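*Asks:* Spelled out from the first residue to the last, the chains are:
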Amino acid sequence: MFANRSRLNKYPLLPFFVAALLLTVIASGCTKRGSQDGKPRIALVMKSLANEFFKTMEEGARGHHAEHKDLYNLKVVGIRNEEDVAQQVDLIETIIAQGTDAIVIAPADSEALIPVCKKAMAAGIVVINIDNKLDRARLEREGIQIPFVGPDNRKGAKLAGDYLAAKLKAGDEVAIIEGVPNAFNGIQRKAGFQDAIAAAGLNLVSSQSGNWETAKAAECVSAIATEYPGLKAVLCANDSMALGAVDALKTAGRTDTVYIVGFDNIEAVQKLVKNGKVLCTVDQHGDQLAVYGIEYALDILNTKAAPADKETPVDLVTAETLK
Amino acid sequence: MNNSHRRIPAWLTDYLGMAGALGLLLLIFGLSTENFFSAATFGTIANQIPDTTIMAVGMTWVLIIAGIDLSVGSVMALSGAVLGVALARFGIPLPVAVVACLLVGLLCGLASGLIVVAWSLPSFIVTLGMMEIARGATYLVTQSRTLYVSDRLEMITDTTLLGLSAPFLLAVLIVLVAQFVLSMTVFGRHMVAVGTNETAARLSGIAVRRVRLAVFAVSGLLCGVAALINTARYQANPNNGIGMELQVIAAVVIGGTSLMGGRGSVVSTFFGVLIIKVLGTGLAQTGAQEPTKRLVTGCVIIAAVVLDYYRRRLRKTGTEAAQ
Numbered sequence: 001m002f003a004n005r006s007r008l009n010k011y012p013l014l015p016f017f018v019a020a021l022l023l024t025v026i027a028s029g030c031t032k033r034g035s036q037d038g039k040p041r042i043a044l045v046m047k048s049l050a051n052e053f054f055k056t057m058e059e060g061a062r063g064h065h066a067e068h069k070d071l072y073n074l075k076v077v078g079i080r081n082e083e084d085v086a087q088q089v090d091l092i093e094t095i096i097a098q099g100t101d102a103i104v105i106a107p108a109d110s111e112a113l114i115p116v117c118k119k120a121m122a123a124g125i126v127v128i129n130i131d132n133k134l135d136r137a138r139l140e141r142e143g144i145q146i147p148f149v150g151p152d153n154r155k156g157a158k159l160a161g162d163y164l165a166a167k168l169k170a171g172d173e174v175a176i177i178e179g180v181p182n183a184f185n186g187i188q189r190k191a192g193f194q195d196a197i198a199a200a201g202l203n204l205v206s207s208q209s210g211n212w213e214t215a216k217a218a219e220c221v222s223a224i225a226t227e228y229p230g231l232k233a234v235l236c237a238n239d240s241m242a243l244g245a246v247d248a249l250k251t252a253g254r255t256d257t258v259y260i261v262g263f264d265n266i267e268a269v270q271k272l273v274k275n276g277k278v279l280c281t282v283d284q285h286g287d288q289l290a291v292y293g294i295e296y297a298l299d300i301l302n303t304k305a306a307p308a309d310k311e312t313p314v315d316l317v318t319a320e321t322l323k
Numbered sequence: 001m002n003n004s005h006r007r008i009p010a011w012l013t014d015y016l017g018m019a020g021a022l023g024l025l026l027l028i029f030g031l032s033t034e035n036f037f038s039a040a041t042f043g044t045i046a047n048q049i050p051d052t053t054i055m056a057v058g059m060t061w062v063l064i065i066a067g068i069d070l071s072v073g074s075v076m077a078l079s080g081a082v083l084g085v086a087l088a089r090f091g092i093p094l095p096v097a098v099v100a101c102l103l104v105g106l107l108c109g110l111a112s113g114l115i116v117v118a119w120s121l122p123s124f125i126v127t128l129g130m131m132e133i134a135r136g137a138t139y140l141v142t143q144s145r146t147l148y149v150s151d152r153l154e155m156i157t158d159t160t161l162l163g164l165s166a167p168f169l170l171a172v173l174i175v176l177v178a179q180f181v182l183s184m185t186v187f188g189r190h191m192v193a194v195g196t197n198e199t200a201a202r203l204s205g206i207a208v209r210r211v212r213l214a215v216f217a218v219s220g221l222l223c224g225v226a227a228l229i230n231t232a233r234y235q236a237n238p239n240n241g242i243g244m245e246l247q248v249i250a251a252v253v254i255g256g257t258s259l260m261g262g263r264g265s266v267v268s269t270f271f272g273v274l275i276i277k278v279l280g281t282g283l284a285q286t287g288a289q290e291p292t293k294r295l296v297t298g299c300v301i302i303a304a305v306v307l308d309y310y311r312r313r314l315r316k317t318g319t320e321a322a323q
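Quick note, the sequences are listed as chains B and W, same order. Residue numbering for the first sequence is 1 to 323, as defined by the numbering used here. Residue numbering for the second sequence is 1 to 323, as defined by the numbering used here.
FYI, nobody ran anything at the bench for these hints, they're computed from the structure. Treat the hints with care, as some may be off.
SDA-like cross-link-like pairs, simulated, lysine to any residue; straight-line CA separation at most 25 Å [as the list claims (entries may be wrong)]:
{"#": "1", "chain 1": "B", "residue 1": "K250", "chain 2": "W", "residue 2": "A111"}
{"#": "2", "chain 1": "W", "residue 1": "K293", "chain 2": "B", "residue 2": "N182"}
{"#": "3", "chain 1": "W", "residue 1": "K293", "chain 2": "B", "residue 2": "L204"}
{"#": "4", "chain 1": "B", "residue 1": "K277", "chain 2": "W", "residue 2": "I156"}
{"#": "5", "chain 1": "B", "residue 1": "K277", "chain 2": "W", "residue 2": "T157"}
{"#": "6", "chain 1": "B", "residue 1": "K250", "chain 2": "W", "residue 2": "Q179"}
{"#": "7", "chain 1": "W", "residue 1": "K293", "chain 2": "B", "residue 2": "A191"}
{"#": "8", "chain 1": "B", "residue 1": "K69", "chain 2": "B", "residue 2": "K277"}
{"#": "9", "chain 1": "B", "residue 1": "K232", "chain 2": "W", "residue 2": "D158"}
{"#": "10", "chain 1": "B", "residue 1": "K271", "chain 2": "W", "residue 2": "R152"}
{"#": "11", "chain 1": "B", "residue 1": "K274", "chain 2": "W", "residue 2": "F29"}
{"#": "12", "chain 1": "W", "residue 1": "K293", "chain 2": "B", "residue 2": "N81"}
{"#": "13", "chain 1": "B", "residue 1": "K250", "chain 2": "W", "residue 2": "F42"}
{"#": "14", "chain 1": "B", "residue 1": "K119", "chain 2": "B", "residue 2": "R154"}
Ranges of calculated distance between the beta carbons of each label pair, as one might list FRET restraints [unchecked claim]:
{"#": "15", "chain 1": "B", "residue 1": "R138", "chain 2": "W", "residue 2": "T199", "range": "21 to 29 Å"}
{"#": "16", "chain 1": "B", "residue 1": "E93", "chain 2": "W", "residue 2": "G129", "range": "22 to 30 Å"}
{"#": "17", "chain 1": "W", "residue 1": "S120", "chain 2": "B", "residue 2": "T257", "range": "53 to 61 Å"}
{"#": "18", "chain 1": "B", "residue 1": "N182", "chain 2": "W", "residue 2": "L314", "range": "31 to 39 Å"}
{"#": "19", "chain 1": "W", "residue 1": "V96", "chain 2": "B", "residue 2": "K155", "range": "57 to 65 Å"}
{"#": "20", "chain 1": "B", "residue 1": "D299", "chain 2": "W", "residue 2": "F124", "range": "44 to 52 Å"}
{"#": "21", "chain 1": "B", "residue 1": "K75", "chain 2": "W", "residue 2": "E132", "range": "17 to 25 Å"}
{"#": "22", "chain 1": "B", "residue 1": "R254", "chain 2": "W", "residue 2": "L140", "range": "50 to 58 Å"}
{"#": "23", "chain 1": "B", "residue 1": "E142", "chain 2": "W", "residue 2": "Y15", "range": "57 to 65 Å"}
{"#": "24", "chain 1": "B", "residue 1": "N73", "chain 2": "W", "residue 2": "L173", "range": "57 to 65 Å"}
{"#": "25", "chain 1": "B", "residue 1": "T303", "chain 2": "W", "residue 2": "G129", "range": "44 to 52 Å"}
{"#": "26", "chain 1": "W", "residue 1": "L140", "chain 2": "B", "residue 2": "K75", "range": "20 to 28 Å"}
{"#": "27", "chain 1": "B", "residue 1": "N275", "chain 2": "W", "residue 2": "P95", "range": "20 to 28 Å"}
{"#": "28", "chain 1": "B", "residue 1": "G276", "chain 2": "W", "residue 2": "E132", "range": "57 to 65 Å"}
Computed from a prediction, not measured in an experiment: that's the story for all the values here. The C-beta atom is built at its ideal place from N, Cα and C for all residues, glycine as well.
Please build the complete structure, drawing on both the sequences and the hints.
*Replies:* If you want it as structure tokens, here you go:
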């Protein structure tokens, strides 16, 4: 013990660690004092607040909080990039240290966030999973249960795929533009598209990742359209990529022969759905997703009910529904 | 005399080397896909490179003066965001919005340049700061939402001359002018001198600070120009251009411009951009998955700079033999 201490003293950075520790203690002291009003404290841990989808989700949550200020205290934190797992883990550790009653989390990764969520639960915090579903098998192995409150992305994608399939005939060539390879919701959407493609007997000629990005998707769609002159449709796992597909097909002069399907129902795409440049998209009611999670967290805190998954609605958006 | 005779073929071999590498890539993809050698492929490539090319021109100049500009992707996004908001939210007339877009780019470049010059700071860290500032400002300006503006900017993407799009022609023009300034004007010689040996340049009476400031300002302005094209195609998306700085730097370095300053060519940069784009399009056309794409792209970048090393050594021994 003493030997250890003297060895530690040799580290020139030690004063910084002490300072950092002090800061943490002071910081956590402050928040603890600030929240002694008896209301439950809920921390909403988001992915990138720079992303329109999460921004909408956050605004929905803030709106809900503004209307129910007497029910709970809300703290919203987000990470810089959608894939910055490390930063999200750090955020949750800080929240645990500062103390909270519930964490509603949109995990940046469906496995990597499980250990820190487990840590939070061990500290007596109610953890609710929204948006990106945590890996079931891994949760079981860790011996914990974290309820998922959110839409069935696969079902949503199937809805869009079925709507498209009704406009095509068996054997028609279609392509999928996937999300970031490890994202669970992206994988689910791809699976949903594939379900619809299989059911209608369409011919899936290519499936590539557009990394959720417009420019990247445009590059992929251009290349696929060139390689497959008979291409009839492109199914994109989000609307940003659908925007890239719109551009690519316009450049190729094939706007009229290739259908585009999106997902998320962002504002910029609604215009294109209305004028027929995008066939359909899927609304998973982004503004309500965090609210559902918060409401469920409050529910569990109040009733001490056993947590279970809750499915939220997904709806198909077409030119007719937007009228 | 002998020396200058040698220099002309050396320039030629430079370009031939790049053209050879490009030809090799084209051949590989031509053989491995069905429709790579088609007007559609080359039309697409010509349509998708202008924004990267224009930013790479600015980056070439910056690298030649031994600087680096990490802010280009963010500055482009910010310029595009201002353009998008001006058009879509405030309905400002197009010419005014375009001027605002260019001004934003120019001001960002000027700001970086002024700070670098005023405190003699490394441009790496200053432009890293600017990268964050511009991205943050982009999220603020757009409120993290994608703005649909293609319908107002169709004249940018749809204008064609002899079958080539206006953005492509503009990019080629900028490449030629930038190469002319670099190799034929006093300012160009000054840039090379500053990049080769700043102290020597100062002692020989070159206004080193003014040269550096001007180069960063030009880089910023070119980001504004690139933003016009990028936004017209991909909408004002706050996440546009993330990671683009690295793509641009890679293209410039593949073109043989030295990261250490004092050596570079804008025309070679254009080849660098082409190589990266042909690679991206070709891989997408073969239907390669994301991991393969990244692995191959990384290998090509490294192979290109290793080749460049040998080419330079050959040229050096050739020059020495001549003397």
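*Asks:* Determine for every hint whether it applies to the structure shown.
*Replies:* Hint check results:
For the suggested pair B:K250 and W:A111, the alpha carbons sit about 37 Å apart, so the restraint of at most 25 Å is broken. Restraint check for W:K293 and B:N182: satisfied, since their Cα atoms lie roughly 16 Å apart, inside the 25 Å limit. Proximity of W:K293 to B:L204 is assessed by CA-CA distance (about 20 Å); at most 25 Å being required, the pair is judged to hold. Note on B:K277 and W:I156: the hinted pairing holds, with a Cα-Cα distance of about 19 Å set against a maximum of 25 Å.
As the CA atoms of B:K277 and W:T157 are separated by approximately 17 Å, the hinted pair is consistent with the 25 Å bound. For the suggested pair B:K250 and W:Q179, the alpha carbons sit about 32 Å apart, so the restraint of at most 25 Å is broken. Restraint check: the Cα-Cα separation between W:K293 and B:A191 comes to about 22 Å, which is no more than 25 Å; the hinted pair holds. Restraint check for B:K69 and B:K277: not satisfied, since their Cα atoms lie roughly 42 Å apart, outside the 25 Å limit.
A distance of roughly 24 Å separates the Cα atoms of B:K232 and W:D158; the hinted pair therefore holds under the 25 Å criterion. Taking the CA atoms of B:K271 and W:R152, the gap is near 13 Å; set against the 25 Å cutoff, the hint holds. Taking the CA atoms of B:K274 and W:F29, the gap is about 38 Å. The hint is violated against a cut of 25 Å. For the proposed pair W:K293 and B:N81, the alpha carbon gap of about 21 Å is at most 25 Å, so the pair holds.
Distance hint between B:K250 and W:F42 is fulfilled; the C-alpha atoms sit about 15 Å from each other, no more than 25 Å. Distance restraint check for B:K119 and B:R154: the Cα-Cα separation of roughly 30 Å exceeds the 25 Å cut-off, and the hinted pair is therefore not satisfied. Range check, B:R138 to W:T199: Cβ separation about 58 Å, and the 21 to 29 Å hint is violated. Hint check: B:E93 to W:G129, Cβ distance near 27 Å, so the stated range 22 to 30 Å holds.
A hinted range of 53 to 61 Å holds for the C-beta pair W:S120 and B:T257, which are about 58 Å apart. Roughly 44 Å separates the CB atoms of B:N182 and W:L314, a value that falls outside the hinted 31 to 39 Å. Checked against the given bound of 57 to 65 Å, the beta carbons of W:V96 and B:K155, roughly 47 Å apart, lie outside it. For B:D299 and W:F124, the hinted distance range of 44 to 52 Å is satisfied, since their beta carbons lie about 51 Å from each other.
For the hinted restraint 17 to 25 Å between B:K75 and W:E132, the CB-CB distance of approximately 23 Å keeps it satisfied. Checked against the hint of 50 to 58 Å, the pair B:R254 and W:L140 fails, with Cβ atoms roughly 37 Å apart. The supplied range of 57 to 65 Å is met by B:E142 and W:Y15, whose beta-carbon atoms lie about 59 Å from each other. At roughly 58 Å, the beta carbons of B:N73 and W:L173 sit within the given window of 57 to 65 Å.
B:T303 and W:G129 have their C-beta atoms about 49 Å apart, which keeps the hinted 44 to 52 Å range intact. Separated by about 21 Å at the C-beta atoms, W:L140 and B:K75 satisfy the suggested range of 20 to 28 Å. Here the CB-CB span from B:N275 to W:P95 is close to 26 Å, well matched to the stated 20 to 28 Å. Remark: the range hint 57 to 65 Å for B:G276 to W:E132 is contradicted by a beta-carbon distance near 40 Å.
Hint compliance for this structure: hints 1, 6, 8, 11, 14, 15, 18, 19, 22 and 28 are broken, all remaining hints hold.
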